[in-house]
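Which chain is which? The protein sequence lines are A and B, in order.
Counting from 1, position 119 in the first sequence corresponds to residue 100 in our numbering; the numbering is continuous, with no gaps.
Add 919 to the 1-based position in the second sequence for our numbering, that's all there is to it.
Since the hints were derived computationally from the structure, they do not count as laboratory data.
Take these hints with a grain of salt, some might be off.
To be verified - Below are the EDC-like pairs computed for lysine to aspartate or glutamate, each with C-alpha atoms no more than 16 angstroms apart in a straight line:
1. A:K154 x B:D1177
2. B:K1144 x B:D1007
3. B:K1144 x B:E1129
4. B:K1144 x B:E1172
5. B:K1040 x B:D1067
6. B:K1180 x A:E158
7. B:K1110 x B:D955
8. B:K1218 x B:E1181
9. A:K154 x B:E1181
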Amino acid sequence: MSDNIHQSLSHLMDNEADELELRRILKACDEQGGEQLADTWHRYHLVRSVLHKEFEQEQLVDIADRISVALELEPEPARRKKLFENWRLRATQISDTWMAKGAIAASVAAAVVLLMPNPQQDLPVAQQVAAQSSGYQQTLPARGLQQSPIGVQRVSAGPDLAQAPYQLVDNQKLRQERLIRGYLMQHSEYVATNGTHGMMPIVRVSGYQAAGQ
Amino acid sequence: MIRKFIPTLSLMGVLLVSQAVKAADTADQWLQRFNDAMHNYEYSGVLVYSREGQLDAVELSHDVNEQGEHARLSYLDGLPREFLQQGDRITRKISGEVVASDRIQGRNPSGRFSGGLERVKQHYQLQLKGQGRVVGRPAVIVEIVPRDNQRLGYRLWLDKESALLLKSVTLDPLARELETFQFTSFSFTAKDEQSAAATEEEAPLSRSQEILPWLPDGFELFMQKQAVVVSDNHLANMYSWSDGVSTFSVFVEPLRADSLKEGHHQYGATVVVVRSIHEQNQGRVITVVGEIPLHTAQKIAAAF
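Produce the entire structure from the sequences given, and follow the hints as far as they go.
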């Protein structure tokens, strides 16, 4: 892909693209290799979000911990463990430079984002990570840091790979939804005990309950 | 508050009458029978709830004895979540573990066609819409049609034998379907004894006008509670209004960085409208939640 198009992408992100550039990007998206361009667009946004600290730091640390725990507990030993150790070693080696820090943050962010539990599935995060670990373990250490110049690599999270980028979970939105559920729950309990429909209204809350688990 | 006993008394009165006159043939009579049946019968079944983009199945059972009503609602899909109602207490469980238990104060039959059907009929028309069949049982269709556009309507399928609710569709003021509750399996047992859950004397409620600058016609404050736990670190004062059929709640709390953002949300029949008010030192957040039209909820919030 030409540098031109990347420059246009960058302009578009900063809201500085002119109409010609916009058309060029849209055209490029339709052409062969357009997916690659979409990936780049996605990565740019991810990088910007990380740099602007739009992802909750707490959440990052939290899940990163659990990922390491899941890795530690992984029963299949030798080869993978070595890979993980290698990766960690390399990470510490290059962690002095700012870029490297950014890269690690970004790849952890990517891992966090893509490994966010699918709301449809009800396994707790740790279990889900464990269940999917064989999938990402191979890709995260091997390609996560080496191949991508900015350190953000789409990490396989199992069978959902193709849809993963579109499941970008906005933490703030998630938190808001969880809070809304609190209000709905309180309201529905009163409706259930004082209303005409008996306990039925409680069922209304389920959607939020499921999404928040 | 003698006024609050009147609904109870009139309810008991009509209850006796409806016992005597078993054959109900007007919408009013069917609704009265339904109202009594829903809280006095033992029944159970699988209930599905659907609204745009969502379908849930729960197991619901209801019983009544000297201690009051007992109900259990448990989800058949996803995490095993459960709600237990015992008298005026609702307990939530996830995977068998109790996660919350709330005592529901302000229990009066305010939502249950309180003030008798006469009050309800000031704001709704009650119509018989013929007969149908739900869960393999013959049913009577009763429609509760709002007289203005400040409330939602309901289409109810009542079991012909017991007058229990088999199916309910919530309609917006333009009669579009918002959500559906429906039993897909159902059984009930008639109870000889009627529960006489006494209504406790509650502290007098504030006047609605002191809390709400604007109130849709016909809604009366039936509950107010300080410092309701909305989430782990959010407390709000909660007020609930009912017109005898529909209910909405208003939550008022200090504005914080992690408060809900302004905006509105709609989930089936339920709307949530959030408004933050910036005052001199301390802002407030007003959250209106209820089964009312969106424009009504917005007007309530905007009046603050």
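How the hints compare with the structure:
no.	hint	verdict
1	A:K154 x B:D1177	11 angstroms, holds
2	B:K1144 x B:D1007	15 angstroms, holds
3	B:K1144 x B:E1129	15 angstroms, holds
4	B:K1144 x B:E1172	12 angstroms, holds
5	B:K1040 x B:D1067	12 angstroms, holds
6	B:K1180 x A:E158	10 angstroms, holds
7	B:K1110 x B:D955	12 angstroms, holds
8	B:K1218 x B:E1181	14 angstroms, holds
9	A:K154 x B:E1181	13 angstroms, holds
Every hint, counting from the list given before, is met by this structure.
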